[in-house]
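Asker: Got chain H; can you put chain R on it based on the hints?
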Amino acid sequence: MPDIVRPEELETKQIFLILASPGNIRECNIRIIRELATQGYHSVVITTNFPYNILKKLYGEGGIDLNGVCFVDAVTQTSIGSANNIPGVVRYVNNPANLTGMGIAVTEMLKEHKDEKICILFDSISTMLVYLPSADISKFIHFVTNKLRLMDISGVFLAAEKGIDPMLMNQLITFVDKVVDAG
Amino acid sequence: MPQNKITLTAKAGYPAVGEMRMNMKKEKATPSCAEAGILDNALVMIAVLDKKGTVTLWNRTAETVTGYPREEVVGNDGIWKLFYPDKEYRDSVTKKITSILATKKSIENVETTLRSRSGTPRTILWNTKKSSEHGETRIIAVGLDITELRKAELFRESVIENANILIAVLEKGTVIVWNKAAETITGYSQGEVIGKRDVWKWLYPDTAYRQTLTRQITEIIAKNRYFDDFVTEIVTKSGKKKIISWNTRQIGTGEAGQDIAIGLDVTARKEAEDALVSYMTEMAMRLKGPVEVIRDNLSDMSHLLREKKLDPDDIVVLLNGQVRNADKVALNVQEFQQAIAEKHQEIPEAYRKFLAGE
Numbered sequence: 001m002p003d004i005v006r007p008e009e010l011e012t013k014q015i016f017l018i019l020a021s022p023g024n025i026r027e028c029n030i031r032i033i034r035e036l037a038t039q040g041y042h043s044v045v046i047t048t049n050f051p052y053n054i055l056k057k058l059y060g061e062g063g064i065d066l067n068g069v070c071f072v073d074a075v076t077q078t079s080i081g082s083a084n085n086i087p088g089v090v091r092y093v094n095n096p097a098n099l100t101g102m103g104i105a106v107t108e109m110l111k112e113h114k115d116e117k118i119c120i121l122f123d124s125i126s127t128m129l130v131y132l133p134s135a136d137i138s139k140f141i142h143f144v145t146n147k148l149r150l151m152d153i154s155g156v157f158l159a160a161e162k163g164i165d166p167m168l169m170n171q172l173i174t175f176v177d178k179v180v181d182a183g
Numbered sequence: 001m002p003q004n005k006i007t008l009t010a011k012a013g014y015p016a017v018g019e020m021r022m023n024m025k026k027e028k029a030t031p032s033c034a035e036a037g038i039l040d041n042a043l044v045m046i047a048v049l050d051k052k053g054t055v056t057l058w059n060r061t062a063e064t065v066t067g068y069p070r071e072e073v074v075g076n077d078g079i080w081k082l083f084y085p086d087k088e089y090r091d092s093v094t095k096k097i098t099s100i101l102a103t104k105k106s107i108e109n110v111e112t113t114l115r116s117r118s119g120t121p122r123t124i125l126w127n128t129k130k131s132s133e134h135g136e137t138r139i140i141a142v143g144l145d146i147t148e149l150r151k152a153e154l155f156r157e158s159v160i161e162n163a164n165i166l167i168a169v170l171e172k173g174t175v176i177v178w179n180k181a182a183e184t185i186t187g188y189s190q191g192e193v194i195g196k197r198d199v200w201k202w203l204y205p206d207t208a209y210r211q212t213l214t215r216q217i218t219e220i221i222a223k224n225r226y227f228d229d230f231v232t233e234i235v236t237k238s239g240k241k242k243i244i245s246w247n248t249r250q251i252g253t254g255e256a257g258q259d260i261a262i263g264l265d266v267t268a269r270k271e272a273e274d275a276l277v278s279y280m281t282e283m284a285m286r287l288k289g290p291v292e293v294i295r296d297n298l299s300d301m302s303h304l305l306r307e308k309k310l311d312p313d314d315i316v317v318l319l320n321g322q323v324r325n326a327d328k329v330a331l332n333v334q335e336f337q338q339a340i341a342e343k344h345q346e347i348p349e350a351y352r353k354f355l356a357g358e
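As you go down the protein sequences, you meet chains H and R in turn. Taking our numbering, I'd label the letters of the first sequence as residues 1 to 183. Taking our numbering, I'd label the letters of the second sequence as residues 1 to 358.
The following block holds chain H by itself, in its conformation from the complex:
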């Protein structure tokens, strides 16, 4: 099976928008992390959908070395009330609408892994739409992509295909280097 994100494009620190069918997003997430691990990347997973505990389990079952993955989890605290950060492994944000908290958590996580070859995975833009207007999401993605470019870091944003209106999609396309339809 071909890579979703081509290694040579990752090497040039490109930023990708991956569109997947809704039933395929979880599998797509796992595949990308596996590909990143194979290429020696430390993945920072920003999740607004599946909580850290479950992703950790799924990655483990998918044969992914969890030492090469860390998480910014915006799901768990709102689901179970509280959860404690594990430095270098997981940082919790109280809810997906807290973009400031998410921005801080990502920045901190990148600092903690500054000496490693980093790629972030954002899962997913579609889930963010439950909590935020598209204008806020667009601003946040713009902020994150700018930060990645300044820090010379690759990034992958996941979204459900056909779940984003043309206006938001046009904006997202301008922020990323490449749009990949993962099917």
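Derived from the structure by calculation, the hints contain no laboratory data. Hints are not guaranteed to be accurate.
Unchecked claim - Listed next, the in silico BS3-like pairs over lysine-lysine satisfying Cα-Cα at most 30 angstroms (straight line):
| # | chain 1 | residue 1 | chain 2 | residue 2 |
| --- | --- | --- | --- | --- |
| 1 | R | Lys288 | H | Lys56 |
| 2 | H | Lys114 | H | Lys162 |
| 3 | R | Lys270 | R | Lys308 |
| 4 | R | Lys308 | H | Lys57 |
| 5 | R | Lys288 | H | Lys139 |
| 6 | R | Lys270 | H | Lys139 |
| 7 | R | Lys180 | R | Lys237 |
| 8 | R | Lys308 | H | Lys56 |
| 9 | H | Lys57 | R | Lys309 |
| 10 | R | Lys288 | H | Lys162 |
| 11 | H | Lys139 | R | Lys240 |
| 12 | R | Lys240 | R | Lys180 |
| 13 | R | Lys201 | R | Lys151 |
| 14 | R | Lys242 | H | Lys139 |
As the list claims (entries may be wrong) - Label-pair restraints from in silico Cβ distances:
| # | chain 1 | residue 1 | chain 2 | residue 2 | range |
| --- | --- | --- | --- | --- | --- |
| 15 | H | Gly23 | R | Glu335 | 26 to 34 angstroms |
| 16 | H | Thr174 | R | Pro205 | 21 to 29 angstroms |
| 17 | R | Ser278 | H | Lys13 | 30 to 38 angstroms |
| 18 | H | Glu8 | R | Lys270 | 39 to 47 angstroms |
| 19 | H | Leu150 | R | Glu292 | 31 to 39 angstroms |
| 20 | H | Gly23 | R | Arg210 | 18 to 26 angstroms |
Just so you know, even glycine gets a beta-carbon here, dropped at the ideal spot from N, CA and C.
Answerer: Leaving out everything else, chain R in the frame of chain H:
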């Protein structure tokens, strides 16, 4: 010169209609009976003056228009003062006629406003003709009452000037009318536009766009000779873009033909429509998308449970997550309903006005 005279003598001593002495004595030059009958029944005002300016004939139309019967006018030397009681205006008429007679032997289409006997102003278009018979010189002054025509013109001009839509009248491509709304909408004044053909280049500075419009308009005109609701984007003098819906009509045909272009500024309406579409799309995305997220997450949970990859704590976390998502969707729906029902402030101002029919 006596104060009570309007003496409009032509340079060569030629007595024109202006040479109407107020102190006229009884007429000397009189028309023949047949001539008098024709003149008397003419549908225009006719006054015949002798070489000294004494009124010798005052026809029925002149009586009707001015309200002064011939008995009071013929031989009466005070009629012009009665017609033009305002000295300043009377002097201006005198000056105008004197000026014309300095270079011409007759007066053509000179417009004055006289006061009728009842006090109502009448606008008269004057023409004079010199005539000689039996060695006697007389002046025939013909006055056409254009009061109603002028009123209609003023009304039309007022309607055009005060309309809140852009109105331009073109004659062979040259702008001859450019109303206030046209000035307001485009930023180009009448002085900049009237008498020129360049305004379209200014309004459509992009050559390719202008050519496209010209082609489209030519095609439409070839079929219908006019167009309705033809929407274009103009660039105003200040550089702002506006959406205009154009309607055109042709007035007259051939060489005398004019085109009237009426432009309605639909920028705000278009923005409101765009805002509405944008708002509806956003809300659809924030309702449909999240419901799909919940559906897919529950589907994923189902698969994971079947594969025995979830323990009870995981299930609790995942289910709580979906409950939270569903709560948020419900809030979004509520927000949407509220926005529609109560014209919530989250709806753009333009859309609120649109809904309110403002």
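Asker: None of the hints should be skipped; say for each whether it holds.
Answerer: Checked hints:
1. Taking the CA atoms of lysine 288 (chain R) and lysine 56 (chain H), the gap is near 29 angstroms; set against the 30 angstroms cutoff, the hint holds.
2. As the CA atoms of lysine 114 (chain H) and lysine 162 (chain H) are separated by approximately 35 angstroms, the hinted pair breaks the 30 angstroms bound.
3. For the given pair, lysine 270 (chain R) sits about 55 angstroms from lysine 308 (chain R) by alpha-carbon distance, which is inconsistent with the 30 angstroms threshold.
4. For the suggested pair lysine 308 (chain R) and lysine 57 (chain H), the alpha carbons sit about 12 angstroms apart, so the restraint of at most 30 angstroms is met.
5. Pair hint lysine 288 (chain R) plus lysine 139 (chain H) holds up; C-alpha atoms about 22 angstroms apart against a cutoff of 30 angstroms.
6. The suggested pairing of lysine 270 (chain R) with lysine 139 (chain H) holds, with an alpha-carbon distance near 26 angstroms, which does not exceed 30 angstroms.
7. Proximity of lysine 180 (chain R) to lysine 237 (chain R) is assessed by CA-CA distance (about 15 angstroms); at most 30 angstroms being required, the pair is judged to hold.
8. Annotation: proposed proximity of lysine 308 (chain R) to lysine 56 (chain H) holds, straight-line Cα distance about 15 angstroms (limit 30 angstroms).
9. Restraint check: the Cα-Cα separation between lysine 57 (chain H) and lysine 309 (chain R) comes to about 8 angstroms, which is no more than 30 angstroms; the hinted pair holds.
10. As the CA atoms of lysine 288 (chain R) and lysine 162 (chain H) are separated by approximately 10 angstroms, the hinted pair is consistent with the 30 angstroms bound.
11. For the hint pairing lysine 139 (chain H) with lysine 240 (chain R), the CA-to-CA distance comes to about 27 angstroms; that is within 30 angstroms, so the pair holds.
12. The hinted pair formed by lysine 240 (chain R) and lysine 180 (chain R) meets the criterion: a straight-line CA distance of about 18 angstroms does not exceed 30 angstroms.
13. The straight-line distance between the Cα atoms of lysine 201 (chain R) and lysine 151 (chain R) is roughly 35 angstroms, outside the 30 angstroms bound, and the hint therefore fails.
14. At roughly 28 angstroms between alpha-carbon atoms, lysine 242 (chain R) and lysine 139 (chain H) fall within 30 angstroms of each other, so this suggested pair holds.
15. Range check, glycine 23 (chain H) to glutamate 335 (chain R): Cβ separation about 29 angstroms, and the 26 to 34 angstroms hint holds.
16. For the pair threonine 174 (chain H) and proline 205 (chain R), the supplied restraint of 21 to 29 angstroms holds, since their beta-carbon distance comes to about 27 angstroms.
17. Distance hint check for serine 278 (chain R) and lysine 13 (chain H): the Cβ-Cβ separation is about 34 angstroms, which falls inside the suggested range of 30 to 38 angstroms.
18. In this structure the supplied range 39 to 47 angstroms holds for glutamate 8 (chain H) paired with lysine 270 (chain R), their Cβ-Cβ distance being about 46 angstroms.
19. The given range of 31 to 39 angstroms is respected by leucine 150 (chain H) and glutamate 292 (chain R), whose C-beta atoms sit roughly 34 angstroms from each other.
20. The hint said 18 to 26 angstroms for the Cβ distance between glycine 23 (chain H) and arginine 210 (chain R), and at roughly 51 angstroms that hint is violated.
The structure does not agree with the numbered hints 2, 3, 13 and 20 stated previously, though it agrees with the rest.
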